[in-house]
Amino acid sequence: VTAKRILIIDDEEDIREVAQLTLESVGGWEVLTAESGMEGLQLAEAEKPNAILLDVMMPDMDGIATFEKLMTNPETQSIPVILLTAKVQSSDRQKFAELGVKGLIAKPFNPMVLNDQLVDILGW
Amino acid sequence: MSNGKNLWIPMIVGTSIIILNLLFWQELVRQEDVYIKKNAELAAASISHDIRAEIQTRTLGLLRMARRWELEGGTIKPKWEADALNYYRDYPGFQALEWADESSYVRWIIPVKGNEAAQNLNLTFEERRSTALAKARESRKVTITRAINLAQGGKGFLMVIPLFPKNKFDGFIIGSFRSQTLLDAILSKNLLQKYAIAIFDGTEKIYTNQEDLIAKIPTKWQHNTEINLNGITWRLQVLPTVTKATEHSPLPTVVLSGGTLVAVLFAWGVYLTQQSRRQTQQLKAINHELADRIAESQRTETELRNLSTALESAVEGISHFNLEQRYVYVNQAYAKIIGYQPQEIFGMEWQQTIHTEDQEKVMVKYQKMLEDGKAEVEARGVRQDGSVFDMQVVIVKACDRYENYKGYYCFVKDISHRREIERIKDEFVSVVSHELRTPLTSIRGSLGLIASGVLNTQPEKAQRMLDIAVNNTDRLIRLINDILDIERIESGKVSMTKQICDVPSLMQQSVEEMQSMADKAGVALSVSPILAKLWADPDRIVQIFTNLLSNAIKFSPQGSTIWFDAKVEGNEELSVSTPTILFTIRDRGRGIPADKIETIFGRFQQVDASDSRKKGGTGLGLAICRSIIQCHDGRIWAESTVGEGSTFYISLPLYQEPIIPSVSRNNSDSPLILVCDDDPSVRVVMQTMLEQRGYQTICAASGQEAIEVAIKQQPDAIFLNLMMPGMHGWETLGVLKQQPQTKDIPAIVLSGLMPDARSTSHANVTDWIVKPPDEKLLFQALERALAGEKSQSLKVLIVEDDTDLAQVLIAVFERHGVETYHAKTGREALRLSQRILPDLLVLDLALPEVDGFAVVDWLRHHRHLCMVPLVVYCAKDLNNFDRERLKLGQTLFFTKGRVTPEEFEKHIVSLLNRIIPTIKGDSSDSQTHSYH
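For the protein sequence lines, the chains are B and A, in the order given.
Residue numbers for the first sequence, in my numbering: 16 to 139.
Residue numbers for the second sequence, in my numbering: 159 to 1090.
Quick caveat, the hints were computed from the structure, so don't treat them as lab data.
Computed from a predicted structure; not experimentally measured.
Among the clues, some could well be false.
Sample of chain A residues at the chain B side, in silico, Cβ under 10 Å [said to hold, decoys possible]:
1. 441
2. 463
3. 465
4. 588
5. 601
6. 610
7. 612
8. 613
9. 617
10. 794
C-beta: ideal position from N, C-alpha, C; glycine also.
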């Protein structure tokens, strides 16, 4: 498995830090982080990560808006997006599934299985 | 009662009467028969007598002629004819008077006319005549022939009288009678009319008056009798004529018909009586039913009237549409919901009140209502002013009594509010779950990494993860506390413990709490209190102030100032003006956009959600503030200009003390008190308080000034602040204690700081009052100081099964020079408390063996311990009932996790300060320290 690059977009600094450390130290991935949807879009376009872990509840541009922008941009539309969210009610899950996201990982996540979950969803 | 049975009684009655009547009638008829028969018998006798008499008369006439004949020895013809003619004329019934010679030839005959046939007739030509002639000649007596056919024609008989002049036979005088003529002549007309009469000679009928009637008359009434006439016998048959027979018949007929009529009438009467009784019963039943129906209808009417009133005043909107789907009726609520006057609505079309986009949906439901009778729909309504609202509509078909469609009723409920609440609730749940999961995510992730050991070789990263876990745990605790807090305040589960509070101390306390944060942020706090009082829960008011101050600090640029002011305002809007205090907290921060100025007081409604993370808030602070303010009948709002700053306003009702004339002890005899504080507001408050109690007061703004004033004016006591610029409190105190003029003046520390371990025994300090000062404690301390007393060490018993926590608490108390004892169980607490008689009990509730409640129950019955001050420090939020059960002396309640150790310590010290005077004041009699 070659080292993949993963972009984490989350407005919570602590969560970004924990997720980043998790993916780096447990999975051995290369990790990029963005603290807002806008920054995430720019990074995704510039860095072309192999996958994006996207928070949903964010100020200004939320995860859904960010995802839609990613999908309409030809530069980024092929990047698989996984939502990392606390909104995990069945109604939310269905809504997200309809949007066309690759997968959904619930917060709080278990850092020791986060990698495995990602690998499963992305089929790596 | 069946109809068949109904007829029985009249039938029996009728039949009985008819039978009786018939019997009676039968008897009458029988008697009538007897009577008729009797009459017939009498008639027969009379007739028989008449016939005999008349014939006798005629016989005597003929005999007289015969006697004359015999006496004269034969009568000459002319004389005889004259004689005979006289007889013929005098006695009707003669056919002829004749003389026959000894040879029986008829020689003379009167009248001649009509009797020519008998002239010279030999009477012996026929047997009956010859027999009679022979008999008469032989017997020389009057003899009558049997019925014969007369020579002149017709039936008749001959009366024969032999003539024997001088005993020599000389022929016969003969009377010839046509029987019909004779009898018609001699029988009375009256009888002949009433009776049918027949006379027979043997079997030959010689007479009848009514030939044809005889056969018609019942023979039962017939009477037969015999008439003997000179050797012959006639049989007389008499029958009453029909007229005669029926002459007396009306009675039985009348009786019969009358009786029958009576029977029928009786039966009818009985029937009618029964019928009438039955009808009466039916009438009664009908009456009853009618009465019921009337009552029912009255009830219905009343109900209808009530219903109508109810409809009119119903909370839900109710309207009625006609066939053209136009309004014909609306109630008040309906009119109000759609924002019209009721009379404006009549005649309007329904489309005018439904949002155009929803009209099709409503039409579909209208069709459904036509089919099913009822339909429900949620749609947007349009008010008169054009505003749109959500409504729930139920339409119900209206029909007349013949089930003809007459329009429909429409029930409308404005559900905008409900929708809004649902939306807010959903959002709140969603937001809360997000808000709670966010710190948990960091905690779970960071601790998971550490626990897995992957960071074992990277200690600095492990430490970083630990910091994240700790910070987020704090954040989670704040969040949970805030969420629970706001829920409990808004649901009224937390009652505000209101008391009279001094405005300056509330403001000062809040500022002191936020000072270090302001210092860190490089922001200045400027506070301008006023002398006023509030009826409020001081802790809650301070909570609001600190919250607003911390917000202001967070958003203030470095180097700027936050202004915290208060002023009294009369409430001009109300006639009975309730003065209020208006607090303002003004910052120079980035400001709040106009569209958020209202919503920021909602839950999780930060201007920028990321602020809460960056600034360490929970997003609930202002919502809690608003809830608390509402519990105090106050108001909170904000004004702001983006880029220039925000101002938060809190308006609370002013507490107005009942006016008590202050006892002015402002004379030279009253003690002189020196207040030394660099804060002018504190000096003002202290001076006011002291002077109100009649103390003379002088103030000093610094330590240096205090020393000078003290030397010059020799005050009786000094209140000394510790934290002062220039010479601080301890230095000042040191100088005062070295100066011979001032060394004996008692000094009371008045500070925001707690007494701490650094000044172990506070030897030079008479008392320690923590700001904001409790008025009562302050004066008790002052009085003790003036009386020359000093604080002594206290004994505290800590009852806590968690040894670690107990150690922390012991450390806190020992820092303040308090003797501390520890009990791990309830039983131990009871034993120990009896031995040491503590001045204060710190009690956990969840204890082995005997729990905290039982400990309190037991202590309540102890003579010396029933009023011991108590601090309940437990993990559980207590309700008012629990609190009541746990009260001993002064009792405080703290929930573990809700108060920081620092806050706990502060409250404990404050409590200790309060209980010192109580205990020391009466230590001589109640405190016998037998154990040390």
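Status of each hint after checking the structure:
Below 10 Å, beta-carbon pairs count as interface contacts, and residue 441 (chain A) has none with chain B, the closest being about 72 Å; its hint is therefore violated. Taken as an interface hint, residue 463 (chain A) does not check out: its beta carbon lies about 50 Å from the nearest beta carbon of chain B, beyond 10 Å. Interface hint status for residue 465 (chain A): violated, as the beta-carbon distance to the closest one in chain B is roughly 43 Å, over 10 Å. Hint status for residue 588 (chain A): holds, given a least beta-carbon distance of 7 Å to chain B, under 10 Å.
Here the hint on residue 601 (chain A) is kept, as its CB sits about 7 Å from the closest CB of chain B, short of 10 Å. Residue-level restraint check for residue 610 (chain A) holds (minimum Cβ-Cβ distance to chain B is 5 Å; threshold 10 Å). For residue 612 (chain A), the interface hint holds, since its Cβ comes within 10 Å of a Cβ in chain B; the closest pair sits about 5 Å apart. The closest approach between the C-beta of residue 613 (chain A) and any C-beta of chain B is roughly 7 Å, which is under the 10 Å cut-off, so the hint is satisfied.
For residue 617 (chain A), the interface hint is violated, since its Cβ never comes within 10 Å of a Cβ in chain B; the closest pair sits about 13 Å apart. Taking 10 Å as the C-beta contact cut-off toward chain B, the hint placing residue 794 (chain A) at the interface is violated, the least distance being around 25 Å.
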